[in-house]
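Residue numbers (full-length UniProt numbering), protein chains in the order written: chain A, 1 to 136; chain B, 1 to 557.
Take every hint as true, because none was put in to throw you off.
So the derived list for chain A, only partly shown, Cβ under 10 Å to chain B, looks like this:
no. : residue
1   : LEU43
2   : ALA44
3   : LEU45
4   : SER80
5   : CYS86
6   : TYR88
7   : LEU89
8   : GLU96
9   : GLY97
10  : LEU103
11  : ASN106
12  : ARG109
13  : ALA117
14  : PRO119
15  : GLY120
16  : ASN121
If we take Cβ atoms under 8 Å as the criterion, some of the chain B residues that face chain A in the derived model are:
no. : residue
17  : SER98
18  : HIS199
19  : ASP209
20  : PRO345
21  : GLN362
Source of the hints: derived by calculation from the structure; they are not laboratory data. No experiment lies behind these values; they were computed from the predicted model shown. Every residue gets a Cβ at the ideal spot worked out from N, C-alpha and C, and that includes glycine.
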Amino acid sequence: MRARAVKLGLRSWVGWRRGFTSKADPQRSGRVTAEVIEHLERLALVDFGSQEAVARLEKAIAFADRLRAVDTDGVEPLESVLEDRCLYLRSDNVVEGNCAEVLLQNAHRVVEEYFVAPPGNISLPKQDEQEPFSHN
Amino acid sequence: MAAPVKRWSCVGKRWVLAYIDGGSRHGRGAAIGFTSRRKRGQSSVAQQPLITAQKSRKGEHEWEAVVGLEIHAQISSNSKLFSGSQVHFAAPPNSLVSFFDASLPGTLPVLNRRCVEAAVMTGLALNCRINKKSLFDRKHYFYADLPAGYQITQQRLPIAVNGSLAYSVCVGKKPSQVSTKTVRIKQIQLEQDSGKSLHDEPRSQTLIDLNRAGVGLLEVVLEPDMSCGEEAASAVRELQLILQALGTSQANMAEGQLRVDANISVHHPGEPLGVRTEVKNLNSARFLAKAIDFEIERQIHELENGRKILNETRSFDYKLGCTMPMRDKEGKQDYRFMPEPNLPPLLLHDTASLPPGADPQQVINIDWIRERLPELPSETREKLIQQYGMLPEHSFALLNEVGLLEFFQNVIKETRAEPKKVTSWVLNIFLGFLKQQNLTVNESPVTPSALAELLNLLDRKAISSSAAKQVFEELWRSKGKTPSQIVSEKKLELMQDQEALERVCHTVMEGHPQVVMDVKRGNPRAINKLMGLVRKATLSRADPTVIKKILERKLSS
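From just these sequences and the hints, can you work out the full model?
Following this line, the structure appears as structure tokens:
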């Protein structure tokens, strides 16, 4: 009797979860498309590198999605864990700076106290030019 | 002389196809032929409605242009928005940079109180609602002059919203034909400035100076309520004057303290808005209107020829006088906005909501700031009109030149002459001399006291109007001499001896009987000839009105 109750409970929980999953947007079949990966890599200059990394990303999204189960009607969103803190206001005095030498020490290349950078943003190579990562 | 060319021109709010006499060809690289007339009182290229509406074909080819602006004003403060390094225009590269500005790990932003006050003042002056709670966000993009890879700004909930800015535009050919327009202000937000990039094309590198990185900016977003370059330029000019009056920004475009981006689109009246383009980095008051008008014309031209407008970012090439697509912008940017995790919400108070026993240094009271707002340009102009009976266009002209109003008020203080006389002398003669020699009011060789003394002499009728102008010229050339000195040196005093003057008149009349006859016969211009003769005889040292009276009396007897 107990076993059946548990089984029923489990099935309803799974059904609830599946139902919830299918209610979400069509993208969420659980897969993150190659297009989105490329877009993210370009934006954030991260390198997913392998299919395992993408799979890990998908799992992380699924994990976070469980938050949607919570009923938040009428509840103010939390924007910052600092929301109860006071934002400290500093007086308008000059207390820093004048350390060009120290800062320039970090630079790879320097010309007369200027940092040196390439002439513009260097675009990531397009998808087909990239080395395709190993698909499992 | 080129044959009349059909060109789009702005008549009121509408852009119509009309004939323009002469003018350059519309094409890449050609300066677009809007006749610019440098009007006194306007620092931007004022655009003229060139052709009357009768010549245009109404309805068929009418376009309406829609212009919105995003204006970045550097806050006038000692230190930066989130760090304690100095804000200063010219300094050795990277000498005004703190560890936070250089985005070294482990550094955190600390908000500058002065910048918040500046934002509140500006919001109040522009009739905005000040948000008692505002939030900071990160706007991510990659560029070498943005060391952190993101800019701290206020995207979700800015410090001030829903304001308005009133400005004046010329609606006719005469300077007196002005009308007031209003543009809505969407929001005002606090944000960081980026560093400066110096492009070294030959060596294929960019040099980065972070002195400017982290300086506080006020971004003022104007709704697309404007319809041409002149309106946009006037609105920007008025905003500049307001910021300068408040002291929140020096708003000097030449020094990069005020930068404007324009969003421009065109559409047929009654139809939905067209695709807009963004023209970035309009940093010159002179070219602001020109650039916007060029872009409007370009868009109309493209659409008229069946092509589409791309939603792109363009920049204005000052030398060629045209907008070009900006390189390095691949598609639409995704800024991945996220809340700034290191800053709690910014809470502002008013007198009613001040927490008791709070540290005054840590609390900002909106009411306290409102009570201490300085006088705004519109108020100042109104006072001038009421107090001195000045024409509105003169009040604009006085406020339009740095230091001119103060000069004017100092002259008024020390002179007995009528305000209208002072206004006329300051705006016509004094300003004329300044412009001719490209000087600022501060560089003027003539002091307010000197001009006041000169006007007193004129008022007392000690010298004539033409003599006064001579004295002024001499004052300008040779410093140190007072007007009285010059008058006696050059013997410019008006003859005070009535009898002597009568004798001169008598002599002249006797010497020119024919002219006297002409006058008696009713020739109106003959009396002027007599007056001229008397004036020559007295070496221009007699008051023309007195001469006329004496002559008329003698002639009628």
